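A.B. asks: Chain by chain, the residues:
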Amino acid sequence: MKSKINRILIAFSLCTLLSCEKDFLDINDDPNNPLDVPLQLMLPSAQLDMVGALGTSAGGLSQITMTYMHQTVQRSSGQNDYAIQGVDYGVTAPWLTLYTRSLAEIETIIAKSETMEAYPYLGIAQVMKAYAYSLMVDVWGDVPYTEANRAPEIVLPVYDQGEEIYPKLFDLLNAGIENLEKESIFEVGQEDVFYGGDVESWIRLANSIKLKMYNQIREVQDVSSEVEALLNEGVLISNGEEDFELVYGTSVGPDNRNPGYVQEWTPGGANYYISPYFYEVMQDMNTFNHPDYGGKIDIEDPRVPYYFYNQIGTVSEADSPENPCSYCYGYIDPNTESFVVKVPELEGTGMVSIYPFSLDIDPTEGYAQGASQTVLGLYPLGGKFDNGEGGASSLNGNPQVQQRLLNYYAIKFIEAELYLTGVVPGDHRLAFQEGIRAAFGKVNEIANDVGAPLIEDEAITAYEDAVLAAYDDADDEEKLEHIITQKWIASFGWDVDAYTDYRRTGYPVLYDPNTDNLNFTVRTKEFPFSFPWPSNNLAVNGNAPSQKNVTAVEAKPFWMN
Amino acid sequence: MCLTIAWSEVSAQERTVTGRVTSADDGAALPGVNVVIKGTARGTVTDVSGNYSLEVPEAGGELIFSFIGLLTQEVAIGQRTSVDVQMRSDVTQLGEVVVTAVGIERQKKALGYSVETVSGDQVQQVSEPDPLRALSGKVPGVNIISSSGAPGSSTRITIRGNSSLLNNNQPLFVVDGIPYNNDYVTTEGTNTNTGGLTSGGAFSSRIADLDPNDIKSMTILKGANAAALYGSRAANGVIVITTKSGSASVSKKGLEVTYSGTFGIEKIANLPDFQNVYGTGANFAYAQANGSWGAPFIGKRPYANLDSIPHWYAGRPGMGEFDGKKVPYRAYPNNVKDFFETGKIFENSISISGGNEKSAMSLTLSQLKQNGFVPETEFLRHNISIGGKTNLANGLIIGGNLAYTRSSQDGVLSGSPSGTQGDPSAFGRTLYFGRNWDVQGQPYQNPVDFGSEFMVGRDQVNNPYWSVENSGIRSKVDRYVGSINAAYDIRDWLNVTYRIGINGYAQSTYEFQRPNGAGSPLGSITIVDVFSDEINSDLMATITKDINEDFSVRALAGWNVNQRTSRTRSADGVGYVVFDIDDITNVNDVTPNSNSAYTRRRLYGVYADVNVGFRDWAFLTLTARNDWTSTLPQKNRSFFYPAINASVILNEALDLNTDLINSIKIRGGWASVGNDTDPYLLSTVYVVNDYDAVTGNASGRPFAPAGGPTIPTAGQSSVLTDPDLKPEITTEIETGVDIRALQDRFGLSVTYYNKQSKDQIAQISLPEETGFQSQLTNFGTVSNKGIEIGMVVTPVKLSNGLTWTIIGSFTKNKNEITELRDGVDEIQFGSGFGGSVISVHRPGQPYGQLLGTVNVRDDEGNFLINPANGQFIRALDQEIIGDPNPDYILGITNSVSFKGFTISAVWDLRKGGDLFSTTVNAILGRGVLGYQAEREGNAILNGVYGNPDTFEPYLDEEGNKIPNQTMIEVNSLYFGETFGTNAADEWSVFDATTYRLREASVSYRFPKHLLERTPFGAISIGVTGRNLWNYSPNFPKDMNYDPETNQFGARNVQGIEYSTTPSARRFAVTVRATF
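If you're matching them up, the sequences are chains A and B in order.
If you're matching positions, the first sequence starts at 1 in our numbering and goes up one per residue.
If you're matching positions, the second sequence starts at 1 in our numbering and goes up one per residue.
Here chain B stands alone, though its shape is the one from the complex:
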């Protein structure tokens, strides 16, 4: 619409009207306002001072003043020669103009689907380096899970549920019209499902390269209806981000400089309440062990008599000073807490924008430095973005932008990093240190071999202080984005736009463990270098025409070409030469690994979008796209998918405008989106010198037996391919209503959707006896149905400026795997330790259920108890033990503003969704939790005696089941076939329902009159707290657990946690000033 500025070719020139357009809010001049004579195409735009001059017909006539975000006004000219206008902001959202697919700007009321827009301010206010996390709890239909509190760690976002069985489920990111690759690169590669288990860190996903300071707005296209024009990758929704530099627009002032600075601190959000009564050992006797089940400390129990113990390092090679030395046997209540530091965030950003009515430019410079609360963790990001736009004298509008980001991440090993033995992680024992461990008071490094020394055997687990210093992950990313665009009005109703851009990055990542630690006695390093780029071009023709008084047409036809290329080089190095040089050149043996690959894919598509409006209250949109892809077989490479949607502004249609109801819009639509697949999936291949793809039990390749030659090998891929792959299709029905009432003090938006993803291209598990683990083919259907509710209420709005606003957001998605393939009861995916919890799809059940070991129950649900030991009996097969999908997500934002002050708080509730937590399991098993101080007694497990071989209950002489009467010590409740260590997986699954105060802030905007004599246009200062409080009622008492964590980062496997980095709590002060 804004591109349709008419160039006057008026022949008859009767008289001239001039005038000035100003803002009703602050009286400032408004440049760039469209001024059009109603019923004609004749018009102009206001200049930088808000002035315009227009030749109008002799008598009468009306002028239409319009500008994005402001209420359009129609003013009768009459006999005047000067028409001044004050324009107001458009507060009714229905009048808003939103950016939809491929950059189309549409009035919100003309859309038959729901769209959410988040302003850059909202993203920048919250002192959250990751722009996605700032959305948590604020956008209906969106589910955001951060992987951990480690700086730079990835965030998983899904919109309207998971629809792809095994492939990417995250939305497409489009930044300034060019897709923005959000790959998640770990040292185990980039696969959506495998990996994440043994790669040891909280890796980032690539959206972390985006500078929140440069974001002007984020538009979330949630459904297929909204996103269909983007084609293949839009099935999971699209997040359209407009940056300041990418959308340089004519500024109100000639030059505006905005500075924003943040200083923040962060701390670990929660720690368990520990018991400080018993030290390490077992059965109330001290031993140098992991579990705090040993002797009580002096004074804690009447019989306690142990006051000193041999030093933990006594007898260790190189640690002679400790031989024969004794240390006090006492509690170190803060040994866990003291490990964590106070993290810091510094962020500085300057944005400069300026221009005149013809040209504009924008520049953003930012830097971010975040040191996490875990020692030696850091995330750095520097960004420079520049963009400009100019209207050439010949009518051509040319624009372009460039952005360069360098980000780097230093992380520690967490989770279950790979190691031939022992646990090198910084969190191997950290959250459940033995209560008598003087971790802070003792050295952590062996002076002779520089290896780790710890309270338990040095080969079991690394001292966390050693781990953070001598192992970790490092990642450096250079990201570049550039695009140019040109627009031209061929006719006043026909505009042609071309845009081409490249978005790429070079990422260099490595994971290292220096020698003589647990996990890698020889020292090891894995490097992954990724070079990825995407080139995208769109040529679009837009028609904007009012056919007559009643009908208007907005139509668009486009042609898109896309190419994605990626090169990965990865290698494993073993055997450090020099202790502290972390480079692949500093090792004895280097082996390339199977992550190395080159891929390129191409796609082109044609698309069209036609929107017909009737009397400005009824709208119908038809869209269609046809794609041709390189990744499908020739015969199936072309695919077509249409969509239709409509909206009606009911109050206008029925002339129901009252003070009570301001507007009612009903909308609905049907859409389909086709999708291709990844490259090179049509033929089964051999892999040269590979062995680790299936299991790690066979010898490495090439093979060189002792004294023999080096023998190269090639093994067959375990994936059977399908030469007849066809595109997968997602269809979605969406309907909803938007209501605004009580003079816009009440707003409600309700959307229902039903999305079916059929014929998915994914790897279906084959029985391994077929010779393959899986077949990549079309199969299965996933259904996502849900309701999204957004609500805005302003209970208080006083004339003195006091305003209280409540924004509510509710998301409920019901996901179901409706079908797999005949004869296939389930698909397992992800990676688990042998026999441990794994994700599974089963028909009739929600996405990614957790499959794990369970105990045997009888037909009445009683646990069977093994009479030999009074413990449970392990069942033969795994069962579903949890569902990681939340029942619903509720977010409530309260904000009160008064005289420049704004106080706001975001609460959210995630109801349901299970988490398998080894951290909780270990804390229980190690006996460190507060309530476990009560342990001097016996317990009897509820259940009936049963046969451990036949799994049948034993019956007494009368044929009745026999209740368990075998006592076990409290200590044993947490060992063996019970609840803790060595127990069945089902005991480590918890309902992750969480109430959370996600953010609270106070900000103050200096009043304009105070700034009049200063160079500042605006100054605001704000204090923000993030993740201030959470309550997860279904976790054990004293655990204070925050379940918002995920081992597998941005992958599809959800609801599994292996000692990941806990979450952070953050406080920050932000100052923003405009010059």
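With the rest of the complex left out, here is chain A:
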């Protein structure tokens, strides 16, 4: 009996031991995720991530810049007072998304498509890379470039000076154009979410990016011949159809909606108020002694109902805001139940907002206005056309409306600036006029897409005439102010370039709360010349510079005087 059991034990041990052959442990290949994927899957990922990092939502660069450019006011945020920190989500998230997602994927596409001789992919990736880096230099000044995205060989990339990155971007754009012009058996298709694989559009975009970049450095470098070549060849974005922008979808799961829309048009969810300054510039108002800037014209802007949406309509006392309000016609005081008038000029407008620079100072600033505040409308992020009847902003807008990046109107305003400043000879007035036309055209294009009423030609012409009349009366410096101011108004919803234009030219003139007649608006900080670097990366990169003071001269991008 005993020996029998011993034999069973030995046999059993051997059997189980035999199962430990080599294959037993060779089970470590990830069954869930691929090690490699085709270019068709990578390209749209890189594109969507890039727009997410740049656009007007919590993790995009356009959101903070839109507040700095006084188009929006954020409740309960130091960013109203030009405060910005290296830990702010609007600073860390774009950097993260750009480097670890979009640029990482772009570098992979570049490497793969070079080997495969898939030139259209290569060209598109190069143009995208140049575009992304140009904005990163504009926003952050110095950023890692030559040693970026090269892990594991380089794990502590150095930061390159913006001044040295820009020339490389021109080279990259030229290489991109070359590759886009090459014959290839590969063809980019619908996975290109910008242009559906149309190489001509990409070439126009590449040239337009160059034009924009040359314009930005025109004061620190002679760019006449380069600009002249670009304008003569004319392969630029030449109408609104060719704009560089991302049209979103309507699906909720997966969420393909414009992320800015999702953020601002969730019931009661709006994070952003409309800046009273921006509103008054467009409405030809001046209720709080904001600067009577040189670009001012005496006409109400017909784009207002496309830009801003009043949840409480145009009625006043009967439909006052839910709580005491700050920048509004008035409210019913719950203590006395009488109507308190705040800004008489706003009667009948339904405008409800707060002032910038008033955080924790303005006693009527701190109340929730989720159901009554004016929110960002159709044009900037896909809200609704404001027909004056009011109604809550509760996911009832147009989630597919595009994130604009580089548009025909901007090209025209750039041309106007280049002609006006004598970089190249040309008709700056005509370019300016075409820019205004194109800006209205974009609003109407979006309105048309969603079935909203269009701005009538007479209204456009009247506005254009008023602006041009003021323009004609102005000297050259004031003319530049007109151009940049119009560009700023048109840019609403895409504010990175506006932030750059302001730092380059000083226009549009921005509101300074310390010279207004409001004692509850106090600016304690100076305008930031650039964004701080994300703190988390400085801590883990021994080759990174130490954090900058964004109001110090050293924080100025190289193209800034």
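Everything labelled a hint here was simulated from the structure, so no lab data went into it.
Just so you know, not all the hints are guaranteed correct.
[Claimed, not checked] The calculated DSSO-like cross-link candidates involving lysine-lysine, where the alpha carbons are at most 27 Å apart (straight line), are:
id: 1; chain 1: B; residue 1: 758; chain 2: B; residue 2: 812
id: 2; chain 1: B; residue 1: 635; chain 2: B; residue 2: 785
id: 3; chain 1: B; residue 1: 38; chain 2: A; residue 2: 525
id: 4; chain 1: B; residue 1: 635; chain 2: B; residue 2: 545
id: 5; chain 1: B; residue 1: 1037; chain 2: B; residue 2: 911
id: 6; chain 1: B; residue 1: 726; chain 2: B; residue 2: 797
id: 7; chain 1: B; residue 1: 911; chain 2: A; residue 2: 342
id: 8; chain 1: A; residue 1: 548; chain 2: B; residue 2: 961
id: 9; chain 1: A; residue 1: 556; chain 2: A; residue 2: 525
None of the values given here were measured: they were computed from a predicted structure.
Dock chain B against chain A, hints included.
C.D. replies: Same frame as chain A, but now just chain B:
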């Protein structure tokens, strides 16, 4: 040892000795006692009546009677033919036999490391559904933090500090020899670091499936020395649990039935003292706002004149009845208190055990139903366990057990659950309701769209009554454990044992928010289904041999095979169709999410453990193990780690036995434990249709633009991999002394340890400009050094039975991240809101420091004050604002017993350790705290004027700093760049030192003589209170705060709290009866 029952093969048979073995305590027969002739291997065991019969040599000789837990006796036979023996319990712990790694039973004195054993009774007495929480304050070296007072919520346990930078730091649980998966599954997945922030509930960790009623004992193997044989996962210690069903043993009686029943109630442990002077608003004027900074109530201040206000719901769609209606403006002092209910616990358990000298079986049936003090919270657990063991006639011993547990948890949303907007949590405002809010007196649901209605805007936050009813988490778990084992004595000194078991669970969890509430206007549901199992087998050969009078050998060699498999399926659904059907089929859009995965890992190892004893007072143990793992690269997949430890019983070695000193044991050891990693970490991958892994700012995938095609995508993982990963190694030195003195009325055990965990496999942060957020590689060293002191004192022990015992437990662990990688100053981990507090490792500092925003100070430490507004100035960068690690933990248990009564109380003190609390921040910011009734004045912040751009102090003409003279209203102290709302994070960090009366109980055991004529063998009844009192001196006055809470449950992120469920206080009555 108990497996070495000798089978007599004696040739010469001279005479027979018989006898009966009984218990000295109660005279009962003792079956199963080993009776061996000294100096031979010849022996027998007593039968069910305690009788034995043994053939012994012609003359003289001694019999050795031994049984686990009883004092071994040696009795000279002389010329007798009958030898009866009474055996006493072994009260000297050093003589105790303890279960150590892989089920080895060893005398405690032979161990060179410290081991703690907690009996099942101790676990069952305390009416605590979670077996881990019952250990709080009782075991030196162990740190237990419960995540909240919600039923079924997870508990985090660490032994001797955190040693893994980013991976699991909790001990391995081994139940009846099979590892017991203690994963923490939330709707954000199971990762040790990420998640926990936006998943909205107090999820359970899977040890909650274990039925405390079935626990026979828990042995805590604290260090690497004790745990090395378990291999890879033992670096954090091991909790070895023996269940009744898994260890069916021969019973004293033929059949014993134990019933245990508990009824308990629980309440919220603490609430702040509220002010009831001012209602909502600002600047002493009423408004429909969150903060109670508005007008005073009539009679509370001389000028108060507001007696009514418009109804909160006036003007809301669907709520027309309230238009134009007014409500009184007055305080509702109990509006917070009345939200909470009295929770109830019912627990019933029956254990049946029986058998004879050959076979035994045990069965436990239990049910637990716990309703929490938060409405709509529930934890249910049903358990059935059965086990048996039989000695076959051929000498083979075969045993097996099966346990099935079904547990379910209904929880509410708490913390900061995800929502596109607003706060859907049940605690969004609950602990700081506006003082004039008639929350209980008003409806909470809109009759038209069924959405939430609340005193503030309905999109800001859900009415808590609506939230608990219409959102929450649900979890159902089916857990199964089964194992069989066989043992056989090949020789009387050589035993072979084989054990194979499976331990698995299927968990189905979902988090839901019905539509038209804050957080998810469309209604959303996230489901997570996890199927996980672990198969483990051990083949062991044991040698037990006394080589000669002086030397004994206990040796073991084993072979372990382990496989773990897990499948997770998870999806997000948006857009409820029918309002109140909480199922993924009831939504318009369903998207799979990135938690879905399949993983399988395998490991096998060989191990050996040799213990050599010298004259029963010196012991040396050598252990070693080699593992082969599937998860490391082929060239590094095999790794070896040895350990050595020794103990000396000093008093016996030096012959120092006196009445004063009963025993002194000194011990010490060195051990190393290797560890592998998780599967599939060797190559960087692409993730199909994913976007949310990094940030949520880009569009969802696949992407379908308006009017366009659906475009699939694939994105690159943000984790760089290392193809040359090697195993991580933890080494630990441990030394200690155990003293028993004054006839065992004084016992002291002191242990010092120094644990170094090197070459950790973890994700080290990379600068994002590298293209990756982190690299998974070997790096870094974490050091944990500490002292554990256990003490047992019996100051009073009278002959009439009055006994007073004090048990003390002291834990001090000093943790330090000794190195990361060159050029890397810190690693951030966990998840925080953009720019808010996050956990960080920095070299030279303790584990998981809190990094947050701070205000600027000048070089002398003065705060800089912004002259424009009289407030502080925010610094550019975050700094360390807190250390969540406690300085020490002290627990004292007092028990007095007399004539069947036992009164006992457990006090504990957690000294130090910081908590970032948004609850406290919000209570201050909302102006509801008692002392904030004093607010009609101005304040000046201490500091000097400074420049908010340059952060330099302003100087007057003489070059001196200018003290702040800018007055701000008291109201403003709690807004802006000050202390409350919108303030820097540093102001919301508090030292969490807490004194606590953790438990108190009174129990009565009926005397045996009263039960003689009844079928009962024993009856006891006890009343227990848990968490009866706490005092946390460093929190603001009137807050009455209990900091024993943690947002991130069982994760590594500690010391952060976002409006979690407060803790509970519990009273329970337990009846136990044995038939």
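A.B. asks: For each hint, tell me whether it holds in the structure or not.
C.D. replies: A quick look at each hint next to the structure:
no.	hint	in the structure
1	B:758 <-> B:812	holds (22 Å)
2	B:635 <-> B:785	violated (33 Å)
3	B:38 <-> A:525	violated (91 Å)
4	B:635 <-> B:545	violated (39 Å)
5	B:1037 <-> B:911	holds (19 Å)
6	B:726 <-> B:797	violated (56 Å)
7	B:911 <-> A:342	violated (54 Å)
8	A:548 <-> B:961	holds (25 Å)
9	A:556 <-> A:525	holds (16 Å)
In terms of the numbered hints stated before, the structure departs from hints 2, 3, 4, 6 and 7, listed from lowest to highest.
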